[in-house]
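Asker: Taken in sequence, the protein lines are chains D and S. Going by this note's numbering, the first sequence opens with residue 1, and the numbers climb by one from there. Going by this note's numbering, the second sequence opens with residue 1, and the numbers climb by one from there.
Heads up, some of the hints might be wrong.
Quick list of in silico lysine-lysine cross-link-like pairs, BS3-like style, CA-CA up to 25 Å [stated by the list, open to error]: (1) D:K158 x S:K204; (2) S:K7 x D:K96; (3) D:K96 x D:K158; (4) D:K3 x S:K187; (5) S:K7 x D:K158; (6) D:K158 x D:K184; (7) S:K2 x D:K158; (8) S:K204 x D:K184; (9) D:K184 x S:K206; (10) S:K2 x S:K206; (11) S:K2 x S:K204; (12) S:K93 x S:K204; (13) D:K184 x S:K93; (14) S:K93 x S:K187; (15) S:K206 x D:K96; (16) D:K206 x S:K248; (17) S:K204 x D:K96; (18) S:K2 x D:K96; (19) S:K2 x D:K184.
Note that these hints are calculated values from the structure, not bench results.
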Amino acid sequence: MQKRSIVPIIYILFLMLPIYWLVTMSFKTTNEILESFSLFPQTFTLDAYKTIFTDPTWYWGYINSIIYVSLNTVISLIVALPAAYAFSRYRFLGDKTLFFWLLTNRMAPIAVFALPFFQLYSAVGLFDTHIAVALAHCIFNIPLAVWILEGFMSGIPKELDETAYVDGYSFPRFFLTIFLPTIKAGVGVAAFFCFMYSWVELLLAKTLTAVVAKPIAATMTKTASSAGYELGLLAAAGTLTIIPGAIVIYFVRNYIAKGFAMGRV
Amino acid sequence: MKTENQKAWFFVLPVLLLVAFNAVIPMMTVVNYSVQETFGDNRFFWEGLTWFQQILNSDRFHSALGRQFLFTFIILTIEIPLGVAIALSMPRKGPWVSVCLILMSLPMLIPWNVVGAMWNIFTLPEIGLLGYFLNNVVGINYDMTQDPVAAWVTIVTMDVWHWTSLVVLLAYAGLVSIPDAYYQAAKIDGASNWSVFRFIQLPKMKNVLTIAILLRFMDSFNIYTEVFVLTGGGPGNSTTFLSIDLVKIALGQFDLGPAAAMSLIYFAITLLVSWLFYTLMNRDDLNDYEEVEH
Chain D
1 MQKRSIVPII YILFLMLPIY WLVTMSFKTT NEILESFSLF PQTFTLDAYK TIFTDPTWYW
61 GYINSIIYVS LNTVISLIVA LPAAYAFSRY RFLGDKTLFF WLLTNRMAPI AVFALPFFQL
121 YSAVGLFDTH IAVALAHCIF NIPLAVWILE GFMSGIPKEL DETAYVDGYS FPRFFLTIFL
181 PTIKAGVGVA AFFCFMYSWV ELLLAKTLTA VVAKPIAATM TKTASSAGYE LGLLAAAGTL
241 TIIPGAIVIY FVRNYIAKGF AMGRV
Chain S
1 MKTENQKAWF FVLPVLLLVA FNAVIPMMTV VNYSVQETFG DNRFFWEGLT WFQQILNSDR
61 FHSALGRQFL FTFIILTIEI PLGVAIALSM PRKGPWVSVC LILMSLPMLI PWNVVGAMWN
121 IFTLPEIGLL GYFLNNVVGI NYDMTQDPVA AWVTIVTMDV WHWTSLVVLL AYAGLVSIPD
181 AYYQAAKIDG ASNWSVFRFI QLPKMKNVLT IAILLRFMDS FNIYTEVFVL TGGGPGNSTT
241 FLSIDLVKIA LGQFDLGPAA AMSLIYFAIT LLVSWLFYTL MNRDDLNDYE EVEH
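So that you can see chain D by itself, here it is in the shape it has in the complex (with noise of 0.2 Å):
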């Protein structure tokens, strides 16, 4: 037991060390960190952060992200789930068919589909806000969750259903009130596969805002150029994009280490 602990070890140091140096480099000048190697700043400031708190430019992209985030991870998941439950409950026309051309649409090369993504939320003057950016993100968010609770849901078994229906219950009231909290793991696995999708996604978020809605990764790619590297400012910008997953991993950890365990997935 104690010998194969190395490896999960092993690993999460490979994972720490790139994420310490980012984190080291925030609290360092950017002369500093272009002059010479150090390990350990030489000469600690904390004038990065201060930027950003201060400057409303940069904190807005943080709130921007974490606005559309959110709003695509609450769409998804409504819409995801009376879809997953018909997946794992009913048999229908075309139901496989539909199933495997919902996730076809994770396949499309990005890149290119950005230019008729602008054009389309142009067309319905969605551009440059935060619902834009949450709808576009669903492309390759809604599969993924209807993937997932349907593999949670499948792991139900139906008499959960049956007996319900004999208590009297009624669709919704069962839905809500004994169905969906049998499977909130299954919910909180699916919630952190979009938040996560939505937050590291880039190309359709820079592309689909431009002031208002613009999120904090496409901040600190122009303040980045216009500035000529301020790699101090960009370090403590990237490494103020962990805390909020990190916040979120916490809230679900519970559900990833157990609540796998209930549905095949």
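Put chain S on the given structure of chain D with help from the hints.
Answerer: Relative to chain D, chain S alone:
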């Protein structure tokens, strides 16, 4: 058993509408571009299948596609076994589970351009932790901006760093879903570690592993931002994968027609390979049921 119910369509309708809005309309635009020529003045001329012929016959496309397949093949052969091995050696109970899961998920939560940028600086020979260490402590001449092999090693390492946790997470989920009774039975039968893995753990992980393989295949086959920020496709063209070449054509040269034709071919290839994975998995499922019945 599932029951036949055509009304289930109403449950699927919102998903269908949302995804179709995002998928079908942009897809139509791309199809449109792929058969037309424009000189940038918003006038379009019918070109037929010229762009498709041009792309399918170009060496540039073939070499980018070759690199793409090689990259995805390397990624899958490293990340899937490694992820399973790490999941197997993770603790099953106790507070360390949460610590492991949180720390392991961190790389996945960093925006892709930040991942590219941090690995770029991390590997710089003079000022980056890894680059400095390899050059000045180990003594290897390592510079990924000059040496194609170093660039490949860096990109593969970055992707392993970034995404192995996804495989770990899914494989771990499959593992904790195995009831203790299976292990006890195996112990009574005197099964070796290998046969426990081969006949209990691996079959139980098959479903989650299929998802892991599909996700890793699709995501690595479409990889763009990280590589673009890290190497920009260089040195030379050595790390110009399909998506990077595509963007060079579409936005760099603004050749929308060829770029659209190329992305449709690209899409078709991704679809075909994913479909192969998917049907292989379904066929295996059928075989399993037959075995149980006999």
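Asker: All the hints need checking, so say for each whether the structure fits it.
Answerer: Cross-check of the supplied hints:
1. D:K158 x S:K204: Holds, at about 21 Å.
2. S:K7 x D:K96: holds, 16 Å
3. D:K96 x D:K158: holds, 20 Å
4. D:K3 x S:K187: holds, 21 Å
5. S:K7 x D:K158: Given that 25 Å is the threshold and the Cα spacing comes to 18 Å, the pair holds.
6. D:K158 x D:K184: holds, 17 Å
7. S:K2 x D:K158: holds, 9 Å
8. S:K204 x D:K184: holds, 22 Å
9. D:K184 x S:K206: holds, 23 Å
10. S:K2 x S:K206: holds, 22 Å
11. S:K2 x S:K204: Satisfied, since the Cα-Cα distance of roughly 22 Å is no more than 25 Å.
12. S:K93 x S:K204: holds, 19 Å
13. D:K184 x S:K93: OK: D:K184 and S:K93 at ~20 Å, within 25 Å.
14. S:K93 x S:K187: holds, 20 Å
15. S:K206 x D:K96: Holds, at roughly 20 Å.
16. D:K206 x S:K248: holds, 18 Å
17. S:K204 x D:K96: Roughly 23 Å between the alpha carbons, so the hint for S:K204 and D:K96 holds.
18. S:K2 x D:K96: holds, 13 Å
19. S:K2 x D:K184: holds, 22 Å
Every hint from the earlier list agrees with this structure, and none is contradicted.
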